[in-house]
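Protein chains in written order, with my numbering: chain U, 1 to 70; chain P, 1 to 70; chain X, 1 to 70; chain D, 1 to 70; chain Y, 1 to 70; chain S, 1 to 70.
Calculated directly from the structure, the hints in this document are not laboratory data.
Keep in mind that a hint or two might mislead.
[As the list claims (entries may be wrong)] Cross-link-like lysine to any residue pairs, in silico, SDA-like; alpha carbons within 25 Å at most:
hint	chain 1	residue 1	chain 2	residue 2
1	P	Lys35	D	Asp34
2	X	Lys65	S	Lys48
3	X	Lys48	D	Asp34
4	Y	Lys48	X	Lys65
5	S	Lys48	Y	Glu46
6	X	Lys48	P	Gln27
7	X	Lys65	P	Met1
8	U	Lys48	P	Met1
9	P	Lys48	U	Ala19
10	Y	Lys35	Y	Lys48
[As the list claims (entries may be wrong)] Derived DEER-like restraints, expressed as beta-carbon distance ranges:
hint	chain 1	residue 1	chain 2	residue 2	range
11	P	Asp34	Y	Val30	30 to 36 Å
12	P	Glu11	Y	Val30	31 to 37 Å
13	S	Thr67	D	Glu11	45 to 51 Å
14	U	Gln17	P	Thr14	28 to 34 Å
[Claimed, not checked] Some chain X residues judged to face chain P by a derived CB distance under 7 Å, without partners named:
hint	residue
15	Ile8
16	Leu28
17	Val30
By construction, the Cβ of each residue, glycine as well, lies at the ideal position given by its N, Cα and C atoms.
For reference, the chains in residue letters:
6 protein chains.
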Amino acid sequence: MPYVNIKITDENVTTEQKARLVKGVTQLLVEVLDKNPATTHVIIDEVKTENWGIGYDLVSDLRKKATQKE
Amino acid sequence: MPYVNIKITDENVTTEQKARLVKGVTQLLVEVLDKNPATTHVIIDEVKTENWGIGYDLVSDLRKKATQKE
Amino acid sequence: MPYVNIKITDENVTTEQKARLVKGVTQLLVEVLDKNPATTHVIIDEVKTENWGIGYDLVSDLRKKATQKE
Amino acid sequence: MPYVNIKITDENVTTEQKARLVKGVTQLLVEVLDKNPATTHVIIDEVKTENWGIGYDLVSDLRKKATQKE
Amino acid sequence: MPYVNIKITDENVTTEQKARLVKGVTQLLVEVLDKNPATTHVIIDEVKTENWGIGYDLVSDLRKKATQKE
Amino acid sequence: MPYVNIKITDENVTTEQKARLVKGVTQLLVEVLDKNPATTHVIIDEVKTENWGIGYDLVSDLRKKATQKE
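Excised from the complex, chain U in its bound form (with noise of 0.2 Å):
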């Protein structure tokens, strides 16, 4: 019966990669906590680097420096 949400910034992440975040968190609730993935439900949010802060900058903003640094 597990309810899951996994954040991330949305930076180009594949359908492919989603699938297997999906299936790798489903599969950890059945072996730890013997859960019934029939009602585990899993969603992924894909947030925006400029809606996303971490250590009083926007994620948007360190991305860039980190890119003029290069």
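Following the hints, complete the assembly by docking chains P, X, D, Y and S onto the known chain U.
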């Protein structure tokens, strides 16, 4: 004062259906718990089918398989 | 497949009231969006009044003021 | 280590405003609780006005009525 | 930078099981998306069975019925 | 109309600190986005350190190691 979050797959939900969800949930909270509708918030998240997993699979893949069977 | 999260203040909500909330929300999703009740999850969070703020104030403080006025 | 989620209606919020929200919330957590900004996450969800209900109504409908009255 | 929220029913989950969930989910995000584990947060919510509904019923009621059948 | 959810570890946060968080976040939303404080909700979740993971580890384990080093 309640806050309600409804997560559904993003599959052609109309504005009229959203209005019915908001009205229905708010009424329920007024009836069952005597809450104040003026501060009752309902937020509907429409999640892309490729971002929702259930039973090891992405809903987008489940939809494709269902279509192929028909 | 929907997932619903209801956040209310923790103020003597009975199990019977919780059952009515779950039944009511699930029925609404079946009626409005033709969702499958078997995979419809409703999670109720009871939040302590000192952990909920509205209009600059903690609900616990608002409750105290309301009691003093009576 | 805190995690903060801010949900607002999607109504022309600028990147500069988002940056101010992230900075302000992070500062508050550092000042009040002495949290480490390096692991403080702030996620801003911009919700379409037709997906947010308050007081039985969708915000999109409230905005329309307000415009008509002007 | 990901943030993961796992909601499960509050039914005797041990600290060792929680540690395995955190390790497993973090590893998955590192493997699939090359995320930085140092800023990957996993939050586990244990929800009382009387606060979780599925298929019109509270889990607490489903558990009682299951026990009576045995 | 905003809704803000603050998740922090459950480590002796006082009611006075919670009141400061609510006041500060609400003020920020009024200043930056001109939001109405009367319908601005702030919910604080205090999460047990054994239910919060970061960098593969439970915070409860990190706290123990930190104590042992001192």
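Verification of the hints:
1. Lys35/P / Asp34/D: 36 Å, violated
2. Lys65/X / Lys48/S: At roughly 30 Å apart (the allowed maximum being 25 Å), Lys48/S and Lys65/X break the hint.
3. Lys48/X / Asp34/D: Answer holds: Lys48/X to Asp34/D is near 23 Å, not above 25 Å.
4. Lys48/Y / Lys65/X: 31 Å, violated
5. Lys48/S / Glu46/Y: 10 Å, holds
6. Lys48/X / Gln27/P: 23 Å, holds
7. Lys65/X / Met1/P: 17 Å, holds
8. Lys48/U / Met1/P: 29 Å, violated
9. Lys48/P / Ala19/U: 13 Å, holds
10. Lys35/Y / Lys48/Y: Status violated; Cα separation ~32 Å.
11. Asp34/P / Val30/Y: 30 to 36 Å: With a Cβ separation near 48 Å, Asp34/P and Val30/Y fall outside 30 to 36 Å, so the hint is violated.
12. Glu11/P / Val30/Y: 31 to 37 Å: For Val30/Y against Glu11/P, whose Cβ atoms are near 32 Å apart, the range 31 to 37 Å holds.
13. Thr67/S / Glu11/D: 45 to 51 Å: At 48 Å between Cβs, range holds.
14. Gln17/U / Thr14/P: 28 to 34 Å: 31 Å, holds
15. Ile8: Holds - the Cβ of Ile8/X comes within 7 Å of chain P, reaching about 5 Å at its closest.
16. Leu28: OK, holds: Leu28/X within 7 Å of chain P, min 4 Å.
17. Val30: For Val30/X, the interface hint is violated, since the closest Cβ of chain P sits about 11 Å away, which is over 7 Å.
Violated hints for the displayed structure, listed by number in ascending order: 1, 2, 4, 8, 10, 11, 17.
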